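Enquirer: Each chain is listed here by its residues.
There are 2 protein chains.
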Amino acid sequence: MRDVSIVGVGMTPFAHRPESFMDIAADGVIDALYDKDLRNLEMKDVEASYFGTMGGGPQAGQKALARLRSRMEEKGIEPQEGLTGIPVSNYENQCTSGTCAFDAAYRDISAGIHDIILAFGAEKLGKGALSAGAGGGLTTQKFDRDTEPPAPGMFAGQAREHMKRFGTTREHLAMVAVKSKEYAATNPNAQYRQRLTIDDVLNAPMIADPLTMFMCCPTTTGGSAAILCAKEIAKKFSDSPVDILTGVMKTARPTADMLAFESGWDPNIRAGYEAYKQTGLSPKDIDVAQVHDCFAIAELMHYESFGWCEMGRSGEWIESGAPCKGGDLPVNTDGGLISKGHPLGATGFAQVYELVHQLRGDAHNQIPDADIAWKHNMGGGVGVGMTYCVHVFKRGW
Amino acid sequence: MRDVSIVGVGMTPFAHRPESFMDIAADGVIDALYDKDLRNLEMKDVEASYFGTMGGGPQAGQKALARLRSRMEEKGIEPQEGLTGIPVSNYENQCTSGTCAFDAAYRDISAGIHDIILAFGAEKLGKGALSAGAGGGLTTQKFDRDTEPPAPGMFAGQAREHMKRFGTTREHLAMVAVKSKEYAATNPNAQYRQRLTIDDVLNAPMIADPLTMFMCCPTTTGGSAAILCAKEIAKKFSDSPVDILTGVMKTARPTADMLAFESGWDPNIRAGYEAYKQTGLSPKDIDVAQVHDCFAIAELMHYESFGWCEMGRSGEWIESGAPCKGGDLPVNTDGGLISKGHPLGATGFAQVYELVHQLRGDAHNQIPDADIAWKHNMGGGVGVGMTYCVHVFKRGW
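One line per chain: the protein sequences are A and B, in this order. Taking our numbering, the leading residue of the first sequence gets 1, the next gets one more, and so forth. Taking our numbering, the leading residue of the second sequence gets 1, the next gets one more, and so forth.
Think of the hints as simulated: they come from the structure by calculation, not from any bench. There may be inaccurate statements among the hints.
[Claimed, not checked] Each pair of labels, with its calculated beta carbon distance range:
no., chain 1, residue 1, chain 2, residue 2, range
1, A, 361, B, 34, 55 to 61 Å
2, A, 127, B, 261, 42 to 48 Å
3, B, 193, A, 260, 45 to 51 Å
4, B, 34, A, 20, 54 to 60 Å
5, A, 16, B, 283, 51 to 57 Å
[Claimed, not checked] Within a straight-line C-alpha distance of at most 20 Å, the following computed EDC-like cross-link-like pairs (lysine to aspartate or glutamate) qualify:
no., chain 1, residue 1, chain 2, residue 2
6, B, 44, A, 274
7, A, 277, B, 266
8, A, 44, B, 274
9, B, 44, A, 266
10, B, 277, A, 47
11, A, 44, B, 266
Note that this is a predicted model, so its numbers are computed, not measured. Backbone N, C-alpha and C fix where the C-beta goes; we use that ideal spot for every residue, glycine too.
The task is simple: from the sequences and hints, build the whole structure.
Expert: Next comes the structure, spelled out in structure tokens:
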């Protein structure tokens, strides 16, 4: 097994955007190709491309690459040779669609099958809440004020249980949103960048009690990408490569346990344990993290899953400022899903984007001397296996 | 890199079927789990699952596995533990969706990431021709008698060019269909099993001149699956494992060249050349083959791409009987896409199913002493990168 490095990352700003799905996907790739730390890469050297999307439809990745040339021309960039003709595989795994494409690229380079892979993801979402129905496609729905929308409702149940068992408060939940907005405020790629107080968050419209609007991730459109290569050739392309130490995927069991309170931890704990075991690292070694904060309660429970605080003590942990600016383990330093946005296929790559910049030392909310970064992404619908993915990165130079 | 074996295969009969998409997908898996040559495998030992579909929608693989338990109960099979909770990734690549899931399983076991993977695919298609429009989803359309339907029309153009350049005749094209029907006649899993004469084929309704109805693959519903493991543990599960010698994926370039006559060969030639190079085999070593005969002309051109006959001489080659029953290199011995059917996500696995049975020695149209098998699958829409996949199998005991 070979070591693998990330040498280029890119993303579009996340927002409700007018561009077509293919343009958005192409724009994320173009941003990665013109990553200021990337050099000497020609598209003709890219051996394969893996694309993540939930709702992009058949051959979405191929179509996006086919759009590269004209999209570059529209932007006044001289198109280079080899923009198309690359083998493309499309990966779908709901909210982890992008991460699964990224992970496949990591595995294949690790295995020696390819040396250089372009992995990317995109999503174009409408407004409203994503349906969490097991049979659902990429449907969005308007909030019905008489019932809880499915995805927020599921996490709201976990929040109520957490509050009951551990004394976690609404203020603790609001702190996740306040922290998220504080980080997003200085990230031009984030969808929502206004700073908020705890009162602002608590007084916002209630989506699913106790989760107010600002404790729920918005629907978003965006594209993002990463260029991975064998570590042995990474220096050819970048002076600031980032190494992937491990990638772990676990699934909830049994099928319906996404609904169970315990399942908010169980597969995360297994994924995190495996990542610690494989890297020989412990929680105190993590300098900066991205976790899947689709809803504020999820982020609190992830703190506990990964051993950053004791079980049930995540409320106190955020109250201590540990995951906040200047804290011991800054979490979701780009604003996370709650503020930066959550365009499913692009989400995992946007996490990679943020962590690569943190390890390079030029992130919008830079953590001093960041050396080890933790990436966590989860996804799935009710009644089917939820997927939980952890990757660990290290500054590679 | 470790050697990888196939120890279990399964498929539903292919047809227009009333079962739901999830039931069809689950049925393919159940058939593989109860493969008569498979023993000692418990689902709890399966470490990951890769699913191929074009039109299955988000988390189709997870949903299909979640359906396993109740589907087994409906069939009077005692459900076993561990049927769910397996990490699932979903692969989409049009007609190669299943092959890409199969190939990912092969790569990951080869790389040592997993030891045992369940890979499967399914599709539920309506009647009519698949749209070949670049923007198309999984749309079907009625034949419009005033224009050529897109996919048949594209291949019809290649057929006309082949006839003009090389003197290939309508009869040569018809021979592909006659051979296909001859093989399908004894395959209970095939969608269409009536034997036909050359006249029957030539007198059938014209879809896109010179391709008559019997020279075009039908739309089909079906599910199929394969269980792969590291060769070092294969004997635990089977006395008749089949080894994967290589897997190669190439893509057409530039983007629009699917429309060009030459592109009917180019990426195939590159994929085939690479497969020969990696295995040290030559065309004369292949005992039995499955190639992507979506339309009769495609099969003829594949003969030439892979060096089984000279360029332009495929008409003479099939006339000689070489790919037919009793010939030197029997091709599409299960009836191929034209007669067995083409449910996109399941197609690649059905090819694996046939070739595994050929190498085990118990296929419906058994080739004597088959030792080396060739699998070829291609897919894609117009204007985006077509994907071409070649895998080579060997009797593993």
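Enquirer: Return holds or violated for the Cβ distance of residue 16 of chain A and residue 283 of chain B against the range 51 to 57 Å.
Expert: holds (55 Å)
Enquirer: Do the alpha carbons of residue 44 of chain B and residue 266 of chain A lie within 20 Å of each other, as the hint requires?
Expert: holds (17 Å)
Enquirer: Straight-line Cα separation of residue 277 of chain B and residue 47 of chain A no greater than 20 Å?
Expert: holds (18 Å)
Enquirer: For the pair we were handed, residue 44 of chain A and residue 274 of chain B, check the Cα-Cα distance against 20 Å.
Expert: This hinted pair holds, its Cα atoms lying about 18 Å apart.
Enquirer: Assuming the hint says 45 to 51 Å, is it satisfied by the Cβ distance from residue 193 of chain B to residue 260 of chain A or not?
Expert: Since residue 193 of chain B and residue 260 of chain A have Cβ atoms about 49 Å apart, the given range 45 to 51 Å holds.
Enquirer: Given the proposed pairing of residue 277 of chain A with residue 266 of chain B, does the C-alpha separation stay at or below 20 Å?
Expert: violated (46 Å)
Enquirer: Straight-line Cα separation of residue 44 of chain A and residue 266 of chain B no greater than 20 Å?
Expert: holds (17 Å)
Enquirer: Taking 20 Å as the top limit, are the C-alpha atoms of residue 44 of chain B and residue 274 of chain A close enough?
Expert: holds (18 Å)
Enquirer: Confirm or reject the claim that residue 127 of chain A and residue 261 of chain B have a C-beta distance inside 42 to 48 Å.
Expert: Since residue 127 of chain A and residue 261 of chain B have Cβ atoms about 47 Å apart, the given range 42 to 48 Å holds.
Enquirer: Taking 54 to 60 Å as the stated bounds, is the beta-carbon spacing between residue 34 of chain B and residue 20 of chain A within them?
Expert: violated (46 Å)
Enquirer: Kindly confirm whether 55 to 61 Å is satisfied by the beta carbon distance between residue 361 of chain A and residue 34 of chain B.
Expert: holds (56 Å)
Going down the numbered hints, you'll see the structure goes against 4 and 7, while the others check out.
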